Amino acid sequence: HLGISDDQKHRQWCKSKNETKQALMKEEQEEMNGWFALWASQMISLVKPGGIVIIESISKPRCEVGDWGGVSKEWWAQAIQEYEWDTQLGIDPTSLEIIDFDPLTQNEYIHDRYNVKLTKRKLIP
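Read in our numbering, the sequence shown has 51 at position 51, and its numbers run on one by one without any break.
Hints listed in this document are in silico derivations from the structure and should not be mistaken for laboratory results. All figures in this text were calculated on a predicted structure; none of them were measured in a lab. Treat each hint with caution, since some may be false.
[Stated by the list, open to error] The calculated DSS-like cross-link candidates involving lysine-lysine, where the alpha carbons are at most 27 Å apart (straight line), are:
1) 117 / 60
2) 73 / 9
3) 48 / 15
4) 26 / 9
5) 26 / 15
[Stated by the list, open to error] Taking CB as the label site, the calculated pair distances span:
6) 93 / 15: 32 to 38 Å
7) 73 / 121: 18 to 24 Å
8) 78 / 100: 17 to 23 Å
9) 48 / 18: 21 to 27 Å
Even glycine gets a Cβ: it sits at the ideal position worked out from N, Cα and C.
Start from the sequences and build out the full structure, keeping to the hints where you can.
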């Protein structure tokens, strides 16, 4: 984060028309995307061929929800291509599932969060 811990101030920056603030918020999200890519890549690399990767309780981007921040649901499909999880780590791009939390079980700490499920291709002998 850019050192803005006050959620109210952060929301003001997200909605600002100021180009500098908008550029900083975009930079912050790019850093978050990179962190998620590294984290997910490490988890994917640990999974055996044919195995499943499940990442739970992912927050949407900080400017959308105002909490710690995360990545958009759309980011995952882009990340499979951009970080070559399909060709380098064996993820089947068609296996991507975005799973919303059940609204009945949500509480104030996990609002607006979701889970991701990915499957690694099986090795073909």
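Okay, the hints, checked on the actual structure:
no.: 1; hint: 117 / 60; verdict: holds, 16 Å
no.: 2; hint: 73 / 9; verdict: holds, 25 Å
no.: 3; hint: 48 / 15; verdict: violated, 43 Å
no.: 4; hint: 26 / 9; verdict: holds, 16 Å
no.: 5; hint: 26 / 15; verdict: holds, 12 Å
no.: 6; hint: 93 / 15: 32 to 38 Å; verdict: holds, 34 Å
no.: 7; hint: 73 / 121: 18 to 24 Å; verdict: holds, 23 Å
no.: 8; hint: 78 / 100: 17 to 23 Å; verdict: holds, 19 Å
no.: 9; hint: 48 / 18: 21 to 27 Å; verdict: violated, 49 Å
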